[in-house]
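> So the protein sequences, as listed, match chains A and B. Residue numbers for the first sequence follow our numbering, so the first one is 13 and each next one is one higher. Residue numbers for the second sequence follow our numbering, so the first one is 474 and each next one is one higher.
Note that these hints are calculated values from the structure, not bench results. It should be emphasised that the depicted structure is a prediction, and the values quoted were computed from it without experimental measurement. Among the hints, erroneous ones may be present.
[To be verified] Under the rule of at most 27 Å between Cα atoms (straight-line distance), these lysine-lysine pairs were calculated in the DSS-like manner:
hint, chain 1, residue 1, chain 2, residue 2
1, B, 667, B, 627
2, B, 621, A, 15
3, A, 15, B, 667
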Amino acid sequence: MVKHHLDDATLMSFASGTANTAIAVAVSAHLEMCPTCRERLKTIEAAGGAMLESVETSALSQGSVNDLLEMLDASLRAPQAQKPKAISIPKKSGGLFPSSVAGLVGDDPEKVAWKKVGAGVSLHRISLDDKNSDEQGRLFLMKIEAGRKMPEHGHGANELTLVLSGAYSDEVGTFRRGDVADLDPETEHQPVVHDDASCICLVAIEEPTRFKGIIPRLMQPYIGL
Amino acid sequence: MFEAVLAMKAGSTTSRQADVGEVMCDLLTRVAEHQDRSAFTQLFEHFGPRLKGFMMKRGLESEQAEDMAQETMIKVWHKARLFNAERGSVSTWVFTIARNLHVDAMRRQSIVKFTDLADFDEECEDPVSDEQVIQREEAGLVAEAVAKLPAEQKEIIELAFMRDLSQTEISERLGVPLGTVKSRMRLAYQKLSKSLEDL
Numbered sequence: 013m014v015k016h017h018l019d020d021a022t023l024m025s026f027a028s029g030t031a032n033t034a035i036a037v038a039v040s041a042h043l044e045m046c047p048t049c050r051e052r053l054k055t056i057e058a059a060g061g062a063m064l065e066s067v068e069t070s071a072l073s074q075g076s077v078n079d080l081l082e083m084l085d086a087s088l089r090a091p092q093a094q095k096p097k098a099i100s101i102p103k104k105s106g107g108l109f110p111s112s113v114a115g116l117v118g119d120d121p122e123k124v125a126w127k128k129v130g131a132g133v134s135l136h137r138i139s140l141d142d143k144n145s146d147e148q149g150r151l152f153l154m155k156i157e158a159g160r161k162m163p164e165h166g167h168g169a170n171e172l173t174l175v176l177s178g179a180y181s182d183e184v185g186t187f188r189r190g191d192v193a194d195l196d197p198e199t200e201h202q203p204v205v206h207d208d209a210s211c212i213c214l215v216a217i218e219e220p221t222r223f224k225g226i227i228p229r230l231m232q233p234y235i236g237l
Numbered sequence: 474m475f476e477a478v479l480a481m482k483a484g485s486t487t488s489r490q491a492d493v494g495e496v497m498c499d500l501l502t503r504v505a506e507h508q509d510r511s512a513f514t515q516l517f518e519h520f521g522p523r524l525k526g527f528m529m530k531r532g533l534e535s536e537q538a539e540d541m542a543q544e545t546m547i548k549v550w551h552k553a554r555l556f557n558a559e560r561g562s563v564s565t566w567v568f569t570i571a572r573n574l575h576v577d578a579m580r581r582q583s584i585v586k587f588t589d590l591a592d593f594d595e596e597c598e599d600p601v602s603d604e605q606v607i608q609r610e611e612a613g614l615v616a617e618a619v620a621k622l623p624a625e626q627k628e629i630i631e632l633a634f635m636r637d638l639s640q641t642e643i644s645e646r647l648g649v650p651l652g653t654v655k656s657r658m659r660l661a662y663q664k665l666s667k668s669l670e671d672l
């Protein structure tokens with residue numbers, strides 16, 4: 013049962029299609045695991061539907077209907093291309109990674125190319141192959157060993173941390189699989205990973221170039237910056 | 474044709490949206506079950522000019538916007554069988570298809586497949602038989618709530634949903650701090666979800 017949810021504003025950005033790629037992947041991964049936020053998303057998308065109903069219309073050109081029907085015929089002739097699969101992603105793979113993450117890194121955490129960045133902390137930068145590279149943000153998998161205490165730190169304005177396995181506790185509460193930390197920038201916290209297992213998180217950072225992101229901040233004590 | 478009928482009913486936003494919703498749902502069902510081209514054409518008469526307006530607000534030129542409106546409708550035809558009235562109104566569904574197409578065209582969020590999230594919804598299904606009716610009513614209530622939002626909150630969600638601006642871009646455009654953009658979005662969401670509380 014997921015206890016820590018997405019901020020309303022984050023869901024709004026996602027629903028309007030204006031979240032950048034890294035954030036969108038993390039939101040999507042959380043949504044897969046959280047029926048509550050899926051319900052909230054429906055309400056927000058309904059607002060999009062209402063705005064579409066009342067948007068200032070723009071007259072179609074003459075012959076637009078005929079063009080449409082020609083496009084339809086062409087699409088019906090195209091082999092299978094337009095036929096939607098009833099279900100296009102495996103339903104809850106049962107694996108560790110939600111399908112929006114598995115689609116990027118595979119479904120086996122053992123096969124992730126982890127890079128050790130400090131005592132007890134490994135990272136994997138997930139490549140996001142978007143055209144607008146400055147809009148895509150940064151996405152990481154982070155693995156922290158059992159019992160490890162992280163240095164106290166704050167967060168930038170748009171950063172999400174989603175727990176995929178294991179658990180940690182901090183001043184805000186206890187975060188387990190499916191819980192997302194969508195925190196205020198003012199929140200300072202010091203996560204402690206529970207003793208029984210290492211903790212794997214998905215970390216999404218909106219800003220691409222800012223070097224005061226969570227990773228350097230977390231790594232500061234280890235790499236001596 | 475139905476537009477004229479609807480225009481004569483001088484109802485509230487809620488009942489108008491509910492009426493539109495019902496007509497659209499019937500048309501879409503005819504497309505899904507009978508590949509009915511006349512129903513499809515009527516759907517286009519309703520949604521085409523709206524989709525074109527929507528795409529133009531998102532920054533496309535008139536011609537491109539019309540192409541995208543048509544492409545959206547082609548998707549509507551092919552996906553018609555997958556429409557689930559329990560998840561929301563036809564307008565909402567068409568909005569999500571158009572949004573996804575536009576996002577794909579911009580190659581942003583493109584590796585995320587929004588609509589597939591519907592596949593995960595079974596477990597929390599409510600065994601309510603008149604769910605469809607509730608959903609239609611819900612669309613009307615949300616529409617009314619959107620119409621009644623305080624100007625500064627409405628402005629923010631229009632900039633995001635219609636103008637395709639990110640939180641940061643909105644904050645720059647309006648000259649307000651990012652935190653203000655977020656808090657207005659939160660307030661707007663709270664009003665929207667409150668409007669559904671009585672259901």
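> Would the hint linking residue 621(B) and residue 15(A) be met if the CA-CA limit is 27 Å?
Roughly 31 Å separates the two Cα atoms, so the pair is violated.
> Against the 27 Å threshold, does the CA-CA distance of residue 15(A) and residue 667(B) hold or violate the hint?
holds (21 Å)
> Starting from residue 667(B), check that the Cα of residue 627(B) is at most 27 Å away, please.
Measuring from Cα to Cα gives roughly 16 Å; hence the hint holds.
Violated hints amount to a single one, hint 2; each of the other numbered hints is respected by the structure.
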